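Anchor point for the sequence shown: position 36 equals 561 in our numbering, and the numbering is continuous, going up by one each time.
Quick caveat, the hints were computed from the structure, so don't treat them as lab data.
Treat the numbers as computed from the prediction; the structure is a model and nothing was measured.
C-beta: ideal position from N, C-alpha, C; glycine also.
Please note that the accuracy of each hint is not assured.
Label-pair ranges, simulated between beta-carbon atoms [said to hold, decoys possible]:
1) 593 <-> 526: 18 to 24 Å
2) 628 <-> 536: 41 to 47 Å
3) 655 <-> 577: 19 to 25 Å
4) 586 <-> 536: 14 to 20 Å
5) 593 <-> 537: 35 to 41 Å
Derived DSS-like pairs: lysine-lysine, alpha-carbon spacing no greater than 25 Å straight-line [claimed, not checked]:
6) 581 <-> 650
7) 651 <-> 581
8) 581 <-> 643
9) 527 <-> 599
10) 581 <-> 527
11) 647 <-> 581
12) 647 <-> 599
13) 570 <-> 581
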Amino acid sequence: MKTADGSNHHACTGQGVVDADHQVINATELNNVAIDIQQLEPIIKRAMDTVGGTPKTWSADAGFCPAANLEHVKDVEAEHATEFFISARRMKHTAPIPDSPRGRIPANATPGERMARKLRTKKGKKIYVRRKASNSTPTAPTRPPERERNQKKQPPQPLQRPSGAAGRGQGTTTTSTDPQTGAGPARN
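With these hints in hand, go ahead and build the complete structure from the sequences.
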(Lines of atoms letter the chains of each structure in order from A and count residues from 1; the text may use other names and numbers.)
(Lines give C-alpha, C1' and ligand atoms only; values in the text may rest on other atoms or scores of the structure.)
Protein backbone atom coordinates (compact mmCIF):
# COMPACT_ATOMS: atom_id res chain seq x y z
CA MET A 1 0.00 0.00 0.00
CA LYS A 2 1.37 3.42 -0.92
CA THR A 3 1.53 5.74 2.08
CA ALA A 4 1.61 9.52 2.55
CA ASP A 5 5.41 9.65 2.40
CA GLY A 6 5.35 8.04 -1.07
CA SER A 7 6.79 4.70 0.02
CA ASN A 8 5.09 1.34 -0.25
CA HIS A 9 4.36 -0.70 2.86
CA HIS A 10 2.89 -4.14 3.39
CA ALA A 11 -0.21 -2.89 5.13
CA CYS A 12 -3.95 -2.61 4.85
CA THR A 13 -6.66 -0.29 6.08
CA GLY A 14 -9.92 -1.12 7.67
CA GLN A 15 -13.28 0.50 8.08
CA GLY A 16 -15.92 -0.45 10.58
CA VAL A 17 -19.49 0.33 11.49
CA VAL A 18 -20.07 0.34 15.24
CA ASP A 19 -23.38 0.55 17.09
CA ALA A 20 -22.63 3.48 19.40
CA ASP A 21 -25.33 2.51 21.92
CA HIS A 22 -24.09 -1.05 22.46
CA GLN A 23 -20.46 -0.79 21.26
CA VAL A 24 -20.98 -3.70 18.86
CA ILE A 25 -19.16 -3.92 15.54
CA ASN A 26 -21.81 -4.41 12.85
CA ALA A 27 -19.67 -4.41 9.70
CA THR A 28 -16.02 -4.30 8.70
CA GLU A 29 -14.14 -3.84 5.47
CA LEU A 30 -10.43 -4.56 4.95
CA ASN A 31 -8.49 -3.48 1.86
CA ASN A 32 -5.14 -2.18 0.66
CA VAL A 33 -6.29 1.28 -0.44
CA ALA A 34 -4.61 4.06 1.52
CA ILE A 35 -7.55 6.48 1.46
CA ASP A 36 -11.09 6.01 2.71
CA ILE A 37 -12.92 7.95 0.00
CA GLN A 38 -14.13 4.91 -1.98
CA GLN A 39 -14.98 2.86 1.10
CA LEU A 40 -18.14 4.60 2.32
CA GLU A 41 -20.60 3.09 -0.15
CA PRO A 42 -19.50 -0.56 0.38
CA ILE A 43 -19.40 -0.25 4.17
CA ILE A 44 -22.90 1.27 4.28
CA LYS A 45 -24.23 -1.58 2.14
CA ARG A 46 -22.45 -4.21 4.24
CA ALA A 47 -23.79 -2.71 7.48
CA MET A 48 -27.36 -2.60 6.16
CA ASP A 49 -27.09 -6.21 4.94
CA THR A 50 -25.66 -7.39 8.28
CA VAL A 51 -28.18 -5.62 10.48
CA GLY A 52 -31.12 -6.04 8.12
CA GLY A 53 -32.05 -2.36 8.25
CA THR A 54 -30.66 1.10 8.74
CA PRO A 55 -29.90 3.03 11.91
CA LYS A 56 -31.57 6.37 12.57
CA THR A 57 -28.24 8.19 12.33
CA TRP A 58 -24.74 7.55 11.01
CA SER A 59 -21.59 9.52 11.78
CA ALA A 60 -18.25 9.40 9.98
CA ASP A 61 -14.95 11.25 9.94
CA ALA A 62 -13.60 13.64 7.31
CA GLY A 63 -12.05 10.85 5.23
CA PHE A 64 -15.52 10.06 3.89
CA CYS A 65 -16.58 13.63 3.02
CA PRO A 66 -15.90 14.13 -0.73
CA ALA A 67 -18.82 15.40 -2.82
CA ALA A 68 -19.46 12.02 -4.48
CA ASN A 69 -19.93 10.38 -1.07
CA LEU A 70 -22.20 13.19 0.09
CA GLU A 71 -24.37 12.69 -3.01
CA HIS A 72 -24.57 8.94 -2.28
CA VAL A 73 -25.42 9.67 1.36
CA LYS A 74 -28.19 12.03 0.24
CA ASP A 75 -29.72 9.20 -1.83
CA VAL A 76 -29.46 6.73 1.09
CA GLU A 77 -31.09 9.28 3.43
CA ALA A 78 -34.01 9.74 1.03
CA GLU A 79 -34.48 6.01 0.41
CA HIS A 80 -34.07 4.63 3.95
CA ALA A 81 -35.23 7.43 6.31
CA THR A 82 -31.84 7.73 7.98
CA GLU A 83 -29.52 10.68 8.56
CA PHE A 84 -25.75 11.07 8.10
CA PHE A 85 -23.39 13.35 10.01
CA ILE A 86 -20.00 13.42 8.29
CA SER A 87 -17.25 15.79 9.36
CA ALA A 88 -16.25 18.18 6.59
CA ARG A 89 -12.78 18.66 8.06
CA ARG A 90 -10.42 16.86 10.39
CA MET A 91 -11.29 17.39 14.03
CA LYS A 92 -9.38 16.32 17.11
CA HIS A 93 -11.39 14.30 19.61
CA THR A 94 -10.92 17.03 22.20
CA ALA A 95 -11.80 19.93 19.88
CA PRO A 96 -15.18 21.56 20.48
CA ILE A 97 -17.57 21.78 17.54
CA PRO A 98 -18.02 25.45 16.50
CA ASP A 99 -21.39 27.17 16.89
CA SER A 100 -23.88 27.07 14.03
CA PRO A 101 -24.31 30.19 11.93
CA ARG A 102 -27.78 31.72 12.09
CA GLY A 103 -30.15 32.14 9.18
CA ARG A 104 -31.03 30.10 6.13
CA ILE A 105 -28.55 27.91 4.32
CA PRO A 106 -27.38 29.72 1.18
CA ALA A 107 -28.92 28.31 -2.00
CA ASN A 108 -25.50 27.94 -3.61
CA ALA A 109 -23.96 26.03 -0.66
CA THR A 110 -21.95 22.97 -1.69
CA PRO A 111 -22.78 19.55 -0.20
CA GLY A 112 -19.66 19.87 2.00
CA GLU A 113 -20.75 23.27 3.31
CA ARG A 114 -24.23 21.92 4.00
CA MET A 115 -22.80 18.95 5.92
CA ALA A 116 -20.44 21.22 7.92
CA ARG A 117 -23.39 23.41 8.85
CA LYS A 118 -25.49 20.36 9.76
CA LEU A 119 -22.77 19.21 12.18
CA ARG A 120 -22.86 22.57 13.96
CA THR A 121 -26.57 22.34 14.80
CA LYS A 122 -27.64 21.18 18.28
CA LYS A 123 -28.70 17.79 16.89
CA GLY A 124 -25.49 17.48 14.85
CA LYS A 125 -23.30 18.27 17.85
CA LYS A 126 -25.17 15.78 20.03
CA ILE A 127 -24.81 12.97 17.50
CA TYR A 128 -21.25 13.69 16.37
CA VAL A 129 -19.98 13.92 19.95
CA ARG A 130 -21.14 10.31 20.43
CA ARG A 131 -18.84 9.26 17.56
CA LYS A 132 -15.92 10.48 19.62
CA ALA A 133 -16.93 8.21 22.49
CA SER A 134 -17.71 5.11 20.45
CA ASN A 135 -15.35 2.36 19.46
CA SER A 136 -15.02 3.94 16.03
CA THR A 137 -11.63 2.43 15.28
CA PRO A 138 -11.97 -1.30 15.83
CA THR A 139 -9.37 -2.02 13.16
CA ALA A 140 -6.76 0.51 14.31
CA PRO A 141 -3.49 -1.01 15.49
CA THR A 142 -2.60 -0.48 19.10
CA ARG A 143 0.88 0.15 20.40
CA PRO A 144 2.03 -0.47 23.94
CA PRO A 145 3.31 2.52 25.92
CA GLU A 146 6.86 3.64 25.10
CA ARG A 147 8.36 2.18 28.27
CA GLU A 148 6.93 -1.27 27.46
CA ARG A 149 8.28 -1.19 23.89
CA ASN A 150 11.76 -0.34 25.16
CA GLN A 151 11.91 -2.90 27.96
CA LYS A 152 14.03 -5.95 27.31
CA LYS A 153 11.89 -9.07 27.01
CA GLN A 154 12.45 -11.38 29.97
CA PRO A 155 11.95 -15.14 29.57
CA PRO A 156 9.04 -16.52 31.58
CA GLN A 157 10.05 -17.72 35.03
CA PRO A 158 8.97 -21.16 36.25
CA LEU A 159 6.31 -21.07 38.93
CA GLN A 160 7.41 -22.04 42.41
CA ARG A 161 5.55 -24.16 44.94
CA PRO A 162 4.37 -21.93 47.77
CA SER A 163 6.36 -22.25 50.97
CA GLY A 164 4.74 -24.53 53.53
CA ALA A 165 3.24 -26.88 50.93
CA ALA A 166 4.44 -30.26 52.10
CA GLY A 167 3.65 -32.59 49.27
CA ARG A 168 1.43 -33.43 46.38
CA GLY A 169 -2.20 -32.42 46.92
CA GLN A 170 -1.47 -29.76 49.51
CA GLY A 171 -1.19 -26.05 48.83
CA THR A 172 -1.59 -25.07 45.20
CA THR A 173 -0.73 -27.01 42.10
CA THR A 174 1.62 -25.19 39.79
CA THR A 175 2.75 -25.95 36.29
CA SER A 176 5.19 -24.18 34.09
CA THR A 177 6.84 -24.53 30.74
CA ASP A 178 10.60 -24.64 30.44
CA PRO A 179 11.48 -21.42 28.54
CA GLN A 180 14.47 -23.07 26.84
CA THR A 181 12.94 -26.32 25.61
CA GLY A 182 9.22 -25.58 25.67
CA ALA A 183 8.69 -28.81 27.63
CA GLY A 184 5.68 -29.11 29.88
CA PRO A 185 5.64 -29.75 33.61
CA ALA A 186 7.94 -32.41 35.00
CA ARG A 187 6.36 -35.35 36.80
CA ASN A 188 7.65 -36.33 40.25
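Evaluation of the provided hints:
1. 593 <-> 526: 18 to 24 Å: Given about 22 Å between the Cβ atoms, the range holds.
2. 628 <-> 536: 41 to 47 Å: Check passed, 46 Å falls within 41 to 47 Å.
3. 655 <-> 577: 19 to 25 Å: Hint holds: Cβ distance 22 Å, inside 19 to 25 Å.
4. 586 <-> 536: 14 to 20 Å: 19 Å, holds
5. 593 <-> 537: 35 to 41 Å: With Cβ atoms ~23 Å apart, the hint is violated.
6. 581 <-> 650: 15 Å, holds
7. 651 <-> 581: 14 Å, holds
8. 581 <-> 643: 16 Å, holds
9. 527 <-> 599: The hint is violated at about 31 Å.
10. 581 <-> 527: At roughly 36 Å apart (the allowed maximum being 25 Å), residue 527 and residue 581 break the hint.
11. 647 <-> 581: 16 Å, holds
12. 647 <-> 599: Holds, because 20 Å separates the two Cα atoms, which is no more than 25 Å.
13. 570 <-> 581: 15 Å, holds
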